[in-house]
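A.B. asks: In order, the protein sequences belong to chains A and B.
For the first sequence, my numbering gives the first residue as 102, with consecutive numbering after it.
For the second sequence, my numbering gives the first residue as 836, with consecutive numbering after it.
It is worth saying that the hints were derived from the structure and are not from the lab.
Hints are not guaranteed to be accurate.
In the SDA-like style, the derived pairs of lysine to any residue whose C-alpha atoms are separated by at most 20 Å in a straight line are [unchecked claim]:
1. B/Lys873 x A/Leu313
2. B/Lys860 x A/Leu313
3. B/Lys867 x A/Leu138
4. B/Lys874 x A/Gly135
5. B/Lys860 x A/Arg421
6. B/Lys867 x A/Ala111
7. B/Lys977 x B/Asp957
Over 10 Å on every C-beta distance to chain B, these chain A residues come out as not near it, computed from the model [what the hints assert, rightly or not]:
8. Val121
9. Arg142
10. Leu143
11. Leu151
12. Phe180
13. Leu222
14. Ile270
15. Val275
16. Arg325
17. Leu435
Counterexamples of contact, computed for chain B against chain A with all Cβ distances above 12 Å [said to hold, decoys possible]:
18. Gly861
19. Ile922
20. Gly948
Where a beta carbon is used, it is the ideal one built from N, C-alpha and C, also for glycine.
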Amino acid sequence: MDITILVISAIKVVVIFGAVFVCVPLMTWIERRGAGLMQLRLGPSRLGPLGLFQPIADGIKFLFKEDREPAHVEKFFYFIAPLVCFIAAALTFAVIPVAAPVNIAGRTISFQIADLNVGILYILAISSVGLYGIVMAGWSSNNKYAMIGALRSSAQMISYEIALGLSVIGVVMVFSSVVSSEIIAAQAGTLFSAGPFNFPRWGVFLQPIGFLIFVVAMFAETNRLPFDLPEGESEIVAGYHIEYGGLKWSMFFVAEYTSMISFSALAVTLFFGGWQLFPGMGRLVALAPGMWGAALLVVLQILSFTIKTAFFMWFFVWVRWTLPRFRYDQLMALGWKVLMPLAALNIAGTLVLIRTGVL
Amino acid sequence: MATRTRRVGPRKSLFHSIYIVDSFKGLWITMKYLLFRKKVTIRYPEERRQYSARFRGLHYIKTTNGVENCTACMLCPTVCPADCIHIEAGERADKEKYPVRFDIDIMRCCFCGMCEEACPKDAIKLSGVYDMSAAKRTVYDKEFLLVQRGNK
Ligand code: SF4
Ligand code: SF4
Numbered sequence: 102m103d104i105t106i107l108v109i110s111a112i113k114v115v116v117i118f119g120a121v122f123v124c125v126p127l128m129t130w131i132e133r134r135g136a137g138l139m140q141l142r143l144g145p146s147r148l149g150p151l152g153l154f155q156p157i158a159d160g161i162k163f164l165f166k167e168d169r170e171p172a173h174v175e176k177f178f179y180f181i182a183p184l185v186c187f188i189a190a191a192l193t194f195a196v197i198p199v200a201a202p203v204n205i206a207g208r209t210i211s212f213q214i215a216d217l218n219v220g221i222l223y224i225l226a227i228s229s230v231g232l233y234g235i236v237m238a239g240w241s242s243n244n245k246y247a248m249i250g251a252l253r254s255s256a257q258m259i260s261y262e263i264a265l266g267l268s269v270i271g272v273v274m275v276f277s278s279v280v281s282s283e284i285i286a287a288q289a290g291t292l293f294s295a296g297p298f299n300f301p302r303w304g305v306f307l308q309p310i311g312f313l314i315f316v317v318a319m320f321a322e323t324n325r326l327p328f329d330l331p332e333g334e335s336e337i338v339a340g341y342h343i344e345y346g347g348l349k350w351s352m353f354f355v356a357e358y359t360s361m362i363s364f365s366a367l368a369v370t371l372f373f374g375g376w377q378l379f380p381g382m383g384r385l386v387a388l389a390p391g392m393w394g395a396a397l398l399v400v401l402q403i404l405s406f407t408i409k410t411a412f413f414m415w416f417f418v419w420v421r422w423t424l425p426r427f428r429y430d431q432l433m434a435l436g437w438k439v440l441m442p443l444a445a446l447n448i449a450g451t452l453v454l455i456r457t458g459v460l
Numbered sequence: 836m837a838t839r840t841r842r843v844g845p846r847k848s849l850f851h852s853i854y855i856v857d858s859f860k861g862l863w864i865t866m867k868y869l870l871f872r873k874k875v876t877i878r879y880p881e882e883r884r885q886y887s888a889r890f891r892g893l894h895y896i897k898t899t900n901g902v903e904n905c906t907a908c909m910l911c912p913t914v915c916p917a918d919c920i921h922i923e924a925g926e927r928a929d930k931e932k933y934p935v936r937f938d939i940d941i942m943r944c945c946f947c948g949m950c951e952e953a954c955p956k957d958a959i960k961l962s963g964v965y966d967m968s969a970a971k972r973t974v975y976d977k978e979f980l981l982v983q984r985g986n987k
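So here's chain A without its partners, still in its complex pose:
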């Protein structure tokens, strides 16, 4: 293999994963500040400007905590469970493009780690691997609550994966591709104009029902409130990570936030045009001459992608501090009796619309 490709790939891996892992502490800060403000408190506000250094203090605390290991656990699985969760959550990001490919010195450089030809399927597959981490943690902890948490998690993830997959199928049908970069490229242009407003050809306008289902399933897949039954502090204490502490626990924590970021990015890729510029931003690029225009384009694309993803990440926090936890039977009823039929109907409807040439 060409050595430059190797170097470029290495740089991309470092930069993109680095950006994701910088976002995690930022995210915990946003979560805690947001939670505070919604509950009429202030949240962490002491350390540094606006309390921004709080995550650093937390990180140091985790690092120096005793790495305790209960005597009754199954050692091997107990140790690798947080790793599995963490890696699975991070890997999802590999196929998400953050900007359009550019040509530098005759070489096309894509702003994503790997442009797989099965991109979306890869994401669906990898995101379920995280489930193994949770099941391993629950099983190896040798603890009733952990076990119940893991069982709930597996049932919940399997149920909602169906709805998630079916909602994605609608998008795949409309854009007739499973490659993430092609899906984004297909979302260019204007769907329809209403007076001065141009509606971009984003997935959310073509697949509104699919988007709704995807968002709900997304919460279930990341084990976030209102679907955080695997953790369920009030009934099963902390669920699958009850026997974990210190750095290993924080690994689960980081995994949860990383998967939130990954799913936000996925939602943006599928339904909000990924790096496609916001309407109106294109005029800005036309102003800059030559090389600068191209550079500005890339910057604006990354900016658009970041803003859209940030919105979804905020949405996760917003929903978490708004909705109470579902009861388990409500969760299952919603998944199987509402979301799945709705997703199936959505696919049928999309099929009809495509066959009649509307989409």
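Keeping the supplied structure of chain A fixed, place chain B with the ligands upon it in accordance with the hints.
C.D. replies: Only chain B with the ligands this time, still in chain A's reference frame:
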């Protein structure tokens, strides 16, 4: 007579079981709180709550012209339900009785304010000071009680 059974519980229409509208109502409420409501946090060491003037906090001994008002009449150690005031009486050159030692074992005090009520000379008072946690068992002596005037 045929009995009629009736299902009790929340109404369940399809509309309600999708939770969409209610979720958005909830989201609006939290956003409203985040943006517009006044936050209630008191940033403690810098900001303090305004307590009423009758708040019963840490004791202090009132002075007149630099001399403590107390005449060591022993009413306050007598009335104290926690038995935490210890006074040793002495006599000054001008034949006035005064407390040589005046210790309050603050760990035992229940801040009932009886000492303040019993005192005929208006000498022992409870101030508004409430942050008095310490790393060791504290006995406040006369010097301290004379100096610390609380927030009054
Ligand atoms: S406040 Fe009550 S318990 Fe405390 S010293 Fe006075 S009388 Fe005793
Ligand atoms: S009641 Fe008043 S005057 Fe009498 S000993 Fe106590 S503080 Fe002194």
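A.B. asks: Beyond 10 Å from every Cβ of chain B: is that where the Cβ of A/Ile270 lies?
C.D. replies: A/Ile270 clear of chain B: closest Cβ-Cβ about 21 Å, beyond 10 Å.
A.B. asks: Are the Cα positions of B/Lys867 and A/Leu138 separated by 20 Å at most?
C.D. replies: holds, 10 Å
A.B. asks: For a C-alpha distance cap of 20 Å, please report whether B/Lys874 and A/Gly135 respect it.
C.D. replies: holds, 12 Å
A.B. asks: According to the definition I'm using, a residue is off the interface if its beta carbon is farther than 10 Å from all beta carbons of the partner; does A/Val275 meet that for chain B?
C.D. replies: Correct as stated: the minimum Cβ-Cβ distance to chain B is 22 Å, above 10 Å.
A.B. asks: Against chain B, does A/Arg142 hold up as non-interface, every C-beta pair farther apart than 10 Å?
C.D. replies: Non-interface label on A/Arg142 violated, nearest chain B Cβ at 5 Å vs cutoff 10 Å.
A.B. asks: Taken at face value, is the distance from the CA of A/Leu313 to the CA of B/Lys860 at most 20 Å?
C.D. replies: holds, 16 Å
A.B. asks: Going by Cβ atoms, does A/Val121 stay more than 10 Å from chain B at every point?
C.D. replies: holds, 26 Å
A.B. asks: If you draw a straight line from the CA of B/Lys873 to the CA of A/Leu313, is it 20 Å or shorter?
C.D. replies: Outside the cut-off at roughly 33 Å; violated.
A.B. asks: Once the closest CB in chain B is found, is it more than 10 Å from A/Arg325?
C.D. replies: holds, 14 Å
A.B. asks: Would you check whether the claim that A/Leu151 is not at the interface survives, using Cβ distances to chain B and the 10 Å cut-off?
C.D. replies: holds, 13 Å
A.B. asks: A/Leu222: least C-beta distance to chain B exceeds 10 Å?
C.D. replies: holds, 28 Å
A.B. asks: Given the hinted pair B/Lys977 and B/Asp957, is their Cα-Cα distance within 20 Å?
C.D. replies: Holds, at about 16 Å.
Checked against the numbered hints given earlier, the structure breaks hints 1, 6, 9, 10, 17 and 18 and satisfies all the rest.
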